[in-house]
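> Chains as they are written, first to last, in the numbering used here: chain A, 1 to 420; chain B, 421 to 520; chain C, 521 to 695.
Once the Cα atoms are required to be at most 27 Å apart in a straight line, the calculated DSSO-like pairs of lysine-lysine come out as:
1) C:Lys650 / C:Lys663
2) C:Lys692 / A:Lys400
3) A:Lys108 / A:Lys7
4) A:Lys145 / C:Lys692
5) B:Lys511 / C:Lys555
Calculated directly from the structure, the hints in this document are not laboratory data.
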Amino acid sequence: MILTLAKIVVPLFVILNIIPLLIWLERKGSAYIQDRRGPNRAAIFGVIRLGGLIHSLNDVIKLLFKEDIIPARVNRFFYHLAPFTAMSVALMTFAVIPFAAPMYWKGKLITFQAADLNAGLLFILAIASLGVYGVMLAGWSSNNKYSLLGGLRSSAQMISYEVVMSLAIISILMMAGSLELNQIIQAQGDKVWKWNFLRQPVACLLFIVAMFAESNRLPFDLPEGESELVAGFHVEYSSMKFALFFMAEYTHMIIASAFLSALFFGGWQVPFASTEFLRGHASQVLRIVLAGAILVHFVAGIGLLSRGKTNVLTQKWGDRRDYEAIILGNGALLIALLLGAVLLYFWPIRLGRYGPQIVTAALQAAVFLGKILFFCWVFIWVRWTLPRFRYDQLMRLGWKFMLPLGLANILATGAALLWL
Amino acid sequence: MVTLQHYLILSALLFSIGLAGLVIRRNILIIFMSIELILNAANLVFIAFSRYRANLDGQVAAFFVIAVAAAEAAVGLAIVIAIFRNRSTVKVDELNLMRN
Amino acid sequence: MPEGRVRGHLKMELIFFYIFAGLAVATALGVVAFKNPISSAFALVVSFFAISAVYAMLQAHFLAVIQVLVYAGAIMVLFIFVIMLLNLQPEELEERGFSTVFKGAAIVVLTAFCFGLIFLFRQMVFVFPKADASFGTVKEVGKLLFTTYWFPFEYVSILLLVAIIGGVVLAKREL
Chain A
1 MILTLAKIVV PLFVILNIIP LLIWLERKGS AYIQDRRGPN RAAIFGVIRL
51 GGLIHSLNDV IKLLFKEDII PARVNRFFYH LAPFTAMSVA LMTFAVIPFA
101 APMYWKGKLI TFQAADLNAG LLFILAIASL GVYGVMLAGW SSNNKYSLLG
151 GLRSSAQMIS YEVVMSLAII SILMMAGSLE LNQIIQAQGD KVWKWNFLRQ
201 PVACLLFIVA MFAESNRLPF DLPEGESELV AGFHVEYSSM KFALFFMAEY
251 THMIIASAFL SALFFGGWQV PFASTEFLRG HASQVLRIVL AGAILVHFVA
301 GIGLLSRGKT NVLTQKWGDR RDYEAIILGN GALLIALLLG AVLLYFWPIR
351 LGRYGPQIVT AALQAAVFLG KILFFCWVFI WVRWTLPRFR YDQLMRLGWK
401 FMLPLGLANI LATGAALLWL
Chain B
421 MVTLQHYLIL SALLFSIGLA GLVIRRNILI IFMSIELILN AANLVFIAFS
471 RYRANLDGQV AAFFVIAVAA AEAAVGLAIV IAIFRNRSTV KVDELNLMRN
Chain C
521 MPEGRVRGHL KMELIFFYIF AGLAVATALG VVAFKNPISS AFALVVSFFA
571 ISAVYAMLQA HFLAVIQVLV YAGAIMVLFI FVIMLLNLQP EELEERGFST
621 VFKGAAIVVL TAFCFGLIFL FRQMVFVFPK ADASFGTVKE VGKLLFTTYW
671 FPFEYVSILL LVAIIGGVVL AKREL
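If we strip away everything but chain A, and leave its shape as in the complex, we get:
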């Protein structure tokens, strides 16, 4: 029971903390793509700026304290329900995503997902169809024709691309033979050339496009198009409710990356290191990982210290901001020293009976997180690179191009499975 609670709370905590990181990544990433610097002014005590990460904290505080404006003659119940629905549906999907390989603990099999459903993939589809409700409710209950239009368009787009997503998933299902996500990830194995994005490239492409459309990100951004419909279906929302919609969009992005990496890119599989290999050589793996962490922190510390010294000597900004690099450099070197001490003290690592499994699980979860962040970066990259689709172009693409392509892919997969 406690274990299930931990399996729910920990991923939720991790996801909710990735969201400010993603907001920072989006702002800085979009800035560097557009050849500018992005926000870098907000600071703690005037010193710690962390390259603009503090802006996310600023956003949280600002949105919490903004005035909550409710327009007149809205349907109060649904107006308040809509952001709640959007966010909770987005968060519900994390129940079926596995973060590491299943392991045996005191005789019981523990799977690293909150709900080891027999129909895991169908659960994803079901929850994706529920995401339409948040958008529709928001659009309709705002008593505003623009937001009604934005809401209807967005829901039509989402349900069209749900079909495309289902067809892409069916090809994966046919190849893996099971709907459980753990089985699909284990069937992919650890060799990169056997992962599903190479065995089913068409399905991978369809899935990526469908996920862009499902999370209403550019190039499928029209329903919340900033230049056409003001902010689309969430134009009448302010402060915390708008923050919930905003977070729901980023959560959709994180889910999309998680599913993409789980279904097509091997999920928690560490490339070229299978679960048995990791469990067999757990102590060496731990030593290598620790040594790598020490190296990274050491190099970062030295680099930051040298930068800090030049800052202070040349008085680059002339106030307390010069000292930030020195503080961070010292911090990094301290962490490197601590890790080095840990490594040397525990050099003869004695992992107990469950030690190797815990190390393996931690490494696989970290690799999964890395893949999620990488695909989130791809989402952000595409957003600031491509222009927006017009609504009829979007619908035509979904129904007249992607649907037949998905069906042809299923036919080809079926034929290949039958005769090859």
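On the provided structure of chain A, position chains B and C as indicated by the hints.
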């Protein structure tokens, strides 16, 4: 412990509420929703007995009921839209062209 | 198996059943009683969720997820779309007088009574047999769908195609 009667009584309640909605309400969309409730009550009975008999045929029947309900809802709502375009009303009392 | 743990599990099952059944019945009453058609539609969505939970309690895993996917995720979206497009207003009050509520309550009570004759069989307790782990999984239902019931399966797919075409044709502005 939960026995078969529990599920059957739940299904009976849902069926009767759906039936009451079907008879009382004048808005055709609410009538459609009550019909969906009735179909769900029937599904529940199928699945309860399928579990009682440890035979999966009941679940297959419920699956087909869901599929047919989807088709029926789609066509029914298209008809409602067509009627609304012509008569500008969704109250069943006013759709009486074929009377007298 | 220790006796206390068995009874504890059975009690939890009963509690969960009452929670979900109560939710299903309460929201079903909401469907019939709300003035605003969108409130009715949402009450129906919650009711479908509760019924899906009851299916999961009956070891019908595949059908529970299909219920959410098809009913709550597609059919109700269609309903809500139509309600929003037709811009239906909440119904007026004068047609929902006391006699309507009385009629409704009478129907509910009479029908439930007829079905409730099940209580006459109280001395026979219909306990569920123990089902194995593969009961109601996707694989088993899929096997049945593609072997014994393949003809209804293909037929229903053609029916859905006809429904799609019919829906598009009926709702067009000009043919």
